[in-house]
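S.K.: Protein chains in written order, with the working numbering: chain B, 6 to 117; chain R, 171 to 286.
The set of hints was computed from the structure by calculation and includes no laboratory data. Keep in mind it's a predicted model, so treat the numbers as computed, not measured. Incorrect hints may appear among the rest.
Subject to a maximum C-alpha distance of 25 Å in a straight line, what follows is the list of computed BS3-like cross-link-like pairs (lysine-lysine) [to be verified]: (1) B:Lys16 with R:Lys208; (2) R:Lys173 with R:Lys208; (3) B:Lys62 with B:Lys76; (4) B:Lys62 with R:Lys173; (5) R:Lys240 with R:Lys208; (6) R:Lys208 with R:Lys186.
The following label-pair restraints were derived from C-beta to C-beta distances [claimed, not checked]: (7) B:Arg86 with R:Ser212: 23 to 33 Å; (8) B:Lys19 with R:Glu226: 31 to 41 Å; (9) B:His15 with R:Gln253: 24 to 34 Å; (10) R:Asn237 with B:Glu88: 40 to 50 Å; (11) R:Thr242 with B:Glu83: 38 to 48 Å; (12) R:Val254 with B:Asn35: 32 to 42 Å; (13) B:Lys76 with R:Asn228: 39 to 49 Å; (14) R:Gly232 with B:Gly103: 36 to 46 Å; (15) R:Lys186 with B:Arg86: 11 to 21 Å; (16) B:Glu83 with R:Tyr234: 31 to 41 Å; (17) B:Gly77 with R:Ala251: 41 to 51 Å; (18) B:Glu83 with R:Lys186: 40 to 50 Å; (19) R:Val184 with B:Ser67: 37 to 47 Å.
Which chain B residues face chain R? A few, computed with CB under 10 Å, are given here [said to hold, decoys possible]: (20) Gly8; (21) Val9; (22) Arg36; (23) Tyr38; (24) Gln42; (25) Gly45; (26) Pro48; (27) Glu49; (28) Phe50; (29) Gln55; (30) Glu61; (31) Gly103; (32) Gly109.
Note that CB positions come from ideal geometry on N, CA and C, so glycine has one too.
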Amino acid sequence: DTGVSQDPRHKITKRGQNVTFRCDPISEHNRLYWYRQTLGQGPEFLTYFQNEAQLEKSRLLSDRFSAERPKGSFSTLEIQRTEQGDSAMYLCASSFGGASQYFGPGTRLTVL
Amino acid sequence: AQKVTQAQTEISVVEKEDVTLDCVYETRDTTYYLFWYKQPPSGELVFLIRRNSFDEQNEISGRYSWNFQKSTSSFNFTITASQVVDSAVYFCALSEAPGGAQKLVFGQGTRLTINP
Numbered sequence: 006d007t008g009v010s011q012d013p014r015h016k017i018t019k020r021g022q023n024v025t026f027r028c029d030p031i032s033e034h035n036r037l038y039w040y041r042q043t044l045g046q047g048p049e050f051l052t053y054f055q056n057e058a059q060l061e062k063s064r065l066l067s068d069r070f071s072a073e074r075p076k077g078s079f080s081t082l083e084i085q086r087t088e089q090g091d092s093a094m095y096l097c098a099s100s101f102g103g104a105s106q107y108f109g110p111g112t113r114l115t116v117l
Numbered sequence: 171a172q173k174v175t176q177a178q179t180e181i182s183v184v185e186k187e188d189v190t191l192d193c194v195y196e197t198r199d200t201t202y203y204l205f206w207y208k209q210p211p212s213g214e215l216v217f218l219i220r221r222n223s224f225d226e227q228n229e230i231s232g233r234y235s236w237n238f239q240k241s242t243s244s245f246n247f248t249i250t251a252s253q254v255v256d257s258a259v260y261f262c263a264l265s266e267a268p269g270g271a272q273k274l275v276f277g278q279g280t281r282l283t284i285n286p
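The shape of chain R in the complex, shown without the other chains (with noise of 0.2 Å):
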């Protein structure tokens, strides 16, 4: 069965600090994608990235980046310089390859707490 963990719950930092979200998962399958998606108070899930376990490949995106270690079975996501609209609930996921639903399965998320 696919699991995922994010073991940090909260995190609070001050603007500007740099912050590393964790992300474990488990599968069985040799083909699968990853994703973070951010939750606002709004309480929408936004789209932040999706990998395919082929690519291990780290992505940076503005002050965002991803490091995806096969090896540790990990897929952390760091915020550079911190703002306060950074401020959401994070959830990694996970999902197999093509051919099935495709359903995501959700790690608990980490609220980040992003203070002036």
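If we strip away everything but chain B, and leave its shape as in the complex, we get (with noise of 0.2 Å):
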């Protein structure tokens, strides 16, 4: 399979704890998104890398939200203390350049 994989798939943690997300995008592709989607709305972007650089962060992107791609390949999105408010679908996207973005399955995040 050589689609955009995103890990875990479902997360249930406590409100308070620290979360990370991983995707890994199609492989020869240089560009990275991160959305979030809350029930019934369309996804909204929160960052996005070009290779290894993070180059445009939404203002959702709160300062307990940190994004990471490290060799410009996978790529992290850890979340710190997590609130309720957190609640939504992760969905991971990728593209070659400026081409059409290709998403994930999602990680879909629950907070107690």
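Could you fit the two chains together into a complex? Lean on the hints.
M.R.: Quick look at the structure:
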């Protein structure tokens, strides 16, 4: 399977805990995007990388959120001190340059 | 700021009917891209189409067709002879032209249910 993969697919955590999600993009894609989707809404942009450089962050990305793409391949998204409002589907997408973005299956986070 | 509006929250039709999903967008950019994605119950967003703002030709792919009208800022999606497998949430999206992040701005989606 050469599509975008995300791990884990589901995560349940208690408020105040830290969580980390991983995204593996399509291998030749140099851009990687993170989006967040809440129930009944369209995805919202969080941040994106070109190779290993994080080039843009949304104001939705509070200081509790951090993303990395250390070698320009996979990326991690960490949420510290989770809150119930963080419950959502976290989607990763990749593209080659500005071409169309292809999405992974998402990580569904539930904060109790 | 860019904005995408999908006024139809839910549509329900009987199999084999034709159905059109509406999408209206706002942008100050002169060059931009428009997209449609399908999100089946499994949750994964499936890419359907990308159109460049300079290309107003309608596109047909099997039972799917897209009508791009720059004059009305609309990019509508029609499914002909709908099938139960078409049931999903469909999102219209907009991104800026090359040179920037080209992040996608999504509409709220239209939930399409095809009844047998």
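S.K.: Please go over all the hints and tell whether each is borne out by the structure.
M.R.: Do the hints match the structure? See the list:
A C-alpha spacing of about 24 Å is found between Lys16 (chain B) and Lys208 (chain R), which places the hinted pair at or below 25 Å, so the restraint holds. Distance check on the hinted pair: Lys173 (chain R) and Lys208 (chain R) sit about 19 Å apart at the alpha-carbon level, within 25 Å; holds. At roughly 19 Å between alpha-carbon atoms, Lys62 (chain B) and Lys76 (chain B) fall within 25 Å of each other, so this suggested pair holds. Of the pairs offered as hints, the one joining Lys62 (chain B) and Lys173 (chain R) holds, with about 18 Å between alpha carbons and a cut-off of 25 Å not exceeded.
Distance restraint check for Lys240 (chain R) and Lys208 (chain R): the Cα-Cα separation of roughly 23 Å lies within the 25 Å cut-off, and the hinted pair is therefore satisfied. A threshold of 25 Å between alpha carbons decides the hint, and for Lys208 (chain R) with Lys186 (chain R) the separation of about 19 Å falls inside it, so the pair holds. Range check, Arg86 (chain B) to Ser212 (chain R): about 31 Å between beta-carbon atoms, so the 23 to 33 Å window is met. With their beta carbons about 52 Å apart, Lys19 (chain B) and Glu226 (chain R) fall outside the hinted range of 31 to 41 Å.
For the pair His15 (chain B) and Gln253 (chain R), the beta carbons lie near 29 Å from each other, so the given range of 24 to 34 Å is met. Restraint check, Asn237 (chain R) to Glu88 (chain B): a C-beta distance of roughly 42 Å satisfies the suggested window 40 to 50 Å. A beta carbon spacing of about 43 Å between Thr242 (chain R) and Glu83 (chain B) agrees with the range 38 to 48 Å that was offered as a hint. For Val254 (chain R) and Asn35 (chain B), the hinted distance range of 32 to 42 Å is satisfied, since their beta carbons lie about 38 Å from each other.
About 43 Å separates the C-beta atoms of Lys76 (chain B) and Asn228 (chain R), a value consistent with the hinted range of 39 to 49 Å. Here the CB-CB span from Gly232 (chain R) to Gly103 (chain B) is close to 27 Å, at odds with the stated 36 to 46 Å. In this structure the hint that Lys186 (chain R) and Arg86 (chain B) lie 11 to 21 Å apart at CB is violated, the actual value being about 52 Å. For the pair Glu83 (chain B) and Tyr234 (chain R), the supplied restraint of 31 to 41 Å holds, since their beta-carbon distance comes to about 39 Å.
Judged by the Cβ atoms, the range 41 to 51 Å given for Gly77 (chain B) and Ala251 (chain R) holds: they are separated by roughly 45 Å. Hint check: Glu83 (chain B) to Lys186 (chain R), Cβ distance near 48 Å, so the stated range 40 to 50 Å holds. Look at Val184 (chain R) against Ser67 (chain B): about 46 Å separates their beta carbons, and that is inside 37 to 47 Å. The criterion of a C-beta within 10 Å of any C-beta in chain R is met by Gly8 (chain B), whose closest approach is roughly 9 Å, and the hint holds.
Against a cut-off of 10 Å between C-beta atoms, the interface hint on Val9 (chain B) holds, since the closest Cβ of chain R lies about 9 Å away. Of the supplied interface hints, the one on Arg36 (chain B) holds, with its beta-carbon coming within about 8 Å of a beta-carbon of chain R, less than 10 Å. With a cut of 10 Å, the hint placing Tyr38 (chain B) at the interface with chain R holds, because the nearest CB-to-CB distance is about 7 Å. A cut of 10 Å between beta carbons decides the hint on Gln42 (chain B): the least distance to chain R is about 9 Å, and the hint holds.
Evaluation of the Gly45 (chain B) hint against chain R yields a held restraint, the C-beta minimum of about 7 Å falling below 10 Å. The beta carbon of Pro48 (chain B) is positioned within 10 Å of a beta carbon in chain R (closest approach about 5 Å), and the interface hint is therefore held. A distance limit of 10 Å between C-beta atoms decides the matter here; for Glu49 (chain B) the minimum to chain R is near 7 Å, and the interface restraint holds. Annotation: interface hint on Phe50 (chain B) holds; nearest CB of chain R at approximately 4 Å, less than 10 Å.
This hint holds: Gln55 (chain B) has a C-beta 9 Å from the nearest C-beta of chain R, less than the 10 Å allowed. For Glu61 (chain B), the shortest C-beta to C-beta distance to chain R is roughly 5 Å, which falls under 10 Å, so the interface hint holds. For Gly103 (chain B), the interface hint holds, the least distance from its beta-carbon to any beta-carbon of chain R being 4 Å, beneath 10 Å. Here the hint on Gly109 (chain B) is kept, as its CB sits about 7 Å from the closest CB of chain R, short of 10 Å.
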